[in-house]
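Asks: So the sequence shown is residues 1 to 145, counted in full-length UniProt numbering.
One should not assume that every hint holds.
Unchecked claim - No more than 30 angstroms apart at the CA atoms, straight line, and that leaves these computed lysine-lysine pairs for DSS-like:
#1 K113 <-> K57
#2 K63 <-> K15
#3 K49 <-> K63
#4 K112 <-> K57
#5 K63 <-> K113
#6 K63 <-> K112
#7 K17 <-> K49
To be verified - Ranges of calculated distance between the beta carbons of each label pair, as one might list FRET restraints:
#8 Y132 <-> A81: 14 to 20 angstroms
#9 N43 <-> Q16: 18 to 24 angstroms
#10 K17 <-> W131: 35 to 41 angstroms
Because the hints were derived from the structure by calculation, they are not lab data.
Quick reminder that beta carbons are idealized off the backbone N, C-alpha and C, glycines included.
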Amino acid sequence: LGEPVLVQLQSPDSKQKILPGNDITLRCVVDGSGDIHIDWYRNGDRLTKSDHVSFNKRRLHLKNVSTRDNGIYHCNATNEAASRSSVDNFALMVEEEDSAVIRILPRNQLVKKGDPARFDCVYDNANITEWYFKGLSDPLVNNTR
């Protein structure tokens, strides 16, 4: 499998056209040969087929989206030679009246264990913000003054 693996919005043709009640389709963009298997994830949790979620080759289709679907979507591509996770993921942000909306996502950072990291996030309509690290159920604590 080639790198990088990306998640792209296929339908509608722009994020601005994602509205409550609409359907959306995401595409896992990956180069490779042989039989490529794609798994899809939302906020790190593997998605399974349902009345709301369906898969077609390298595509993820969500029906009747709402704020409950908001999150970071990524794909994992696997063939006989390798397994690769997407590095450019898709942040689904369905906006409803007075709902919290992230305008600019924090960027991924690679730091040594124990070293400090700073993440910035621009948002609207949120009174409380919490940060989580993959695999932890409790929010992170800000130790800066």
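Asks: Check each numbered hint from earlier against the structure, then list the numbers of those it violates in ascending order.
Replies: Violated hints (numbers, rising): 1, 4, 5, 6, 8, 10; every other hint is consistent with the structure.
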